[in-house]
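Engineer: Protein sequences appear in the order of chains F and H.
Position one of the first sequence corresponds to residue 1 (the numbering used here), numbered consecutively onward.
Position one of the second sequence corresponds to residue 1 (the numbering used here), numbered consecutively onward.
These are computed hints drawn from the structure, not numbers from a lab.
Wrong hints could be hidden among the right ones.
[Said to hold, decoys possible] No more than 25 Å apart at the CA atoms, straight line, and that leaves these computed lysine to aspartate or glutamate pairs for DMTMM-like:
#	chain 1	residue 1	chain 2	residue 2
1	H	Lys-54	F	Asp-274
2	H	Lys-58	F	Asp-206
3	H	Lys-54	F	Asp-276
Please read all numbers here as calculations on a predicted model, not as lab measurements.
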Amino acid sequence: MAKRQPWSELGGLADPARFTAPLQVAKADGARLCGLLRTMLVIRHTEDQIGRLVVEGLARTPCHLGIGQEAVAVGVATRLRATDRVFGNHRSHSHFLALGGTPASLIAEVLGKATGASRGMGGSMHLFGREFGFHGSVPIVGATIPIAVGAGLAAKLDGGDSVAVAFFGDGATEEGVFHESMNLAVVQGLPVLFVCENNLFSSHLDIDLRQPSDRIGRYAEAHRMRSLTVDGNDLLAVESATTALVDAARRGEGPALLEAVTYRFRGHVGPNEDIDVGVHRRMEDVEAWRHRCPIRRLQDGLVAAGVLSADDLASMEKDVLAGIAEAVANARRAAYPDPSALHQLVYAGQR
Amino acid sequence: MNKPSATAGREISYGEAIREGFIHLLSRHREVFTIGQGLWSPWYVGNSMTDLDKLFGKERVIDTPVSELACTGAAVGAALCGYRPVVIHPRMDFMVLAADQIVNQAAKWHHMLGGQATVPVTVRAIINRGGEQGAQHSQALHGWFAHIPGLRVVMPASVADARDLLIASVLCDDPVMYIDDRWLYERRAVLPPVVERPLATEGPRVLRPGKDITLVGASYSTWLCEQAAEMLAAEDIDAEVIDVRVLNPFEPAAILASVSRTGRLCVVDGGWRNAGWAAEVIASVTEALDAGALKAAPRRITLPDAPAPTSKALEQGYYPEARHVAEAARAMLASRRIAS
Ligand SMILES: Cc1ncc(C[n+]2csc(CCOP(=O)(O)OP(=O)(O)O)c2C)c(N)n1
Ligand SMILES: [Mg+2]
């Protein structure tokens, strides 16, 4: 296993040899956590399936898989409401599904079908689901960070207790707009949760080669913003950090940064591991991080607590896979958007 | 490093020709360096910069954080201090984040400061579209940038120009946007040895003489014109093809001379229609022609005025193809036949 640089400020949080044990699960919370496990499995298997559709050549639109990062989206989503406004990035399948999007609408979108989340107009990188609070994902790095600040401003003007959330990666913190957005959100006291999924990579480059520290939380300190840095592969840690930060934002105490340290098992785009095209990306690291798998740690915790049996797990997995298989079959059969959509959707129209 | 090129006499691709240009520049000109995302990875810029970091060192071939604006500004700053940086934007869409440094800074300093500051920076923008990549991963914004006085804009269509216009751009004392298109990367040719030529004397070039119609393109759309001309030749239509090469400053003389003979002008543009580059070509030529010199109304073939879709069903038909150029040419000649 390749060690992080000695200067790693994340220390153990960035070390895949640590934090591999089963999660400590309270039995009383078992039923709820089984639901969250199921959501994580839906994300994992849906993305795995999308990877296979890429290999098959049916999915051509670029697909950035977040396999290995599921606990971040699911943990944050547990504290959100459909009236909150959430924004994603290029790697947003997990955000979309965790908030309540279905594999059927995601897979249809990836295949460019009219039944997809964006009616076949966006593909994997441009998703939408307002009914469950997902107000859009786009692949221009950093683009949705100020947009979430604007949603936070709208929430403040609305006068309720909704929050806005931006999901982005460590790479996005290198764009100036990230810093401008944090500053603006702080000085305006806006209810915004900035969620950085720090997977230690931006496409082919290790964070070592891009920043003087691997800890994104330091930027919150610079901007005098509340922040927490957690193991992003620990559902319970993500959830409790989100609770503290989102509750404060709902009470009008302003924005916060949640840094969730994680790792993607697959390459930057598509189903491969990208060992060949990444600088400082090694198969040993990928293998090591697989031992810190967020799903396995929750499963093991639930089994250890006596909440789930191996049989229960197998049948849950089977059920999830059957649902995804049906979603794929439907998406294959679904119609493409009408060609008129190309022109009709350019402008909203009437006034 | 002054070795003769290993590719001398061998057929190379457009992507390799760009790399040859970089090798020439980095070998002969110590003030040249390159900076941009993906320069240490084989996958961002195709085969156009493979292993340059290994050949010339990571100080002169700099891979960067995801910071388009800062990297472009840093290239502008180094250019003001005697270097000739090439800042690479692996996708033109991402370069939009750097617009201030290109439009407000690089393009303006020489003029605004009384000609005392020069900014010999090259901004390399790559057009990378198709493949269901959609609205934010497909744009060809050459028309936008050609609008800016002070910013030279070049678009190589041929394998030779991929190398030679890069060299001319980098050695030019002005800021230059060099735009290459991934759809051209597999074009192949055998190139002569490099001759350094000043960019200021480069301009539109007739690639194929013809008497019936003038087809004008830039970059990939030039290739479409060449293919269309082949199709038309089989039908006894003799099309002249002009490759514009340098979009700004624009020198329409060669096109004007051609259209004065053919009486027909069709411009093919990989950008959008409204306020687009094709409109500029048509306007510049027709305003200088004698009234009555045209035998048919000029035409432009562009993208439809809509963002790039992702869905296969909509992407098919979104991009202009050679057959569309040939169809337009036929229609323009048919109108002549009816009239006469
Ligand atoms: C403005 C902009 N610059 C560059 C890119 C190319 N790009 C796409 S994703 C990505 C990596 C971003 O890394 P990070 O934010 O850490 O997200 P991750 O991919 O790790 O989830 C890059 C550089 C882009 N899409 N947009
Ligand atoms: Mg990352």
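Engineer: With reference to the structure, classify each hint as holding or not holding.
Structural biologist: Status of each hint after checking the structure:
1. H:Lys-54 - F:Asp-274: 20 Å, holds
2. H:Lys-58 - F:Asp-206: Holds. Lys-58 (chain H) to Asp-206 (chain F) sits at ~16 Å (cutoff 25 Å).
3. H:Lys-54 - F:Asp-276: Holds, at roughly 16 Å.
No hint from the list above goes unmet by this structure.
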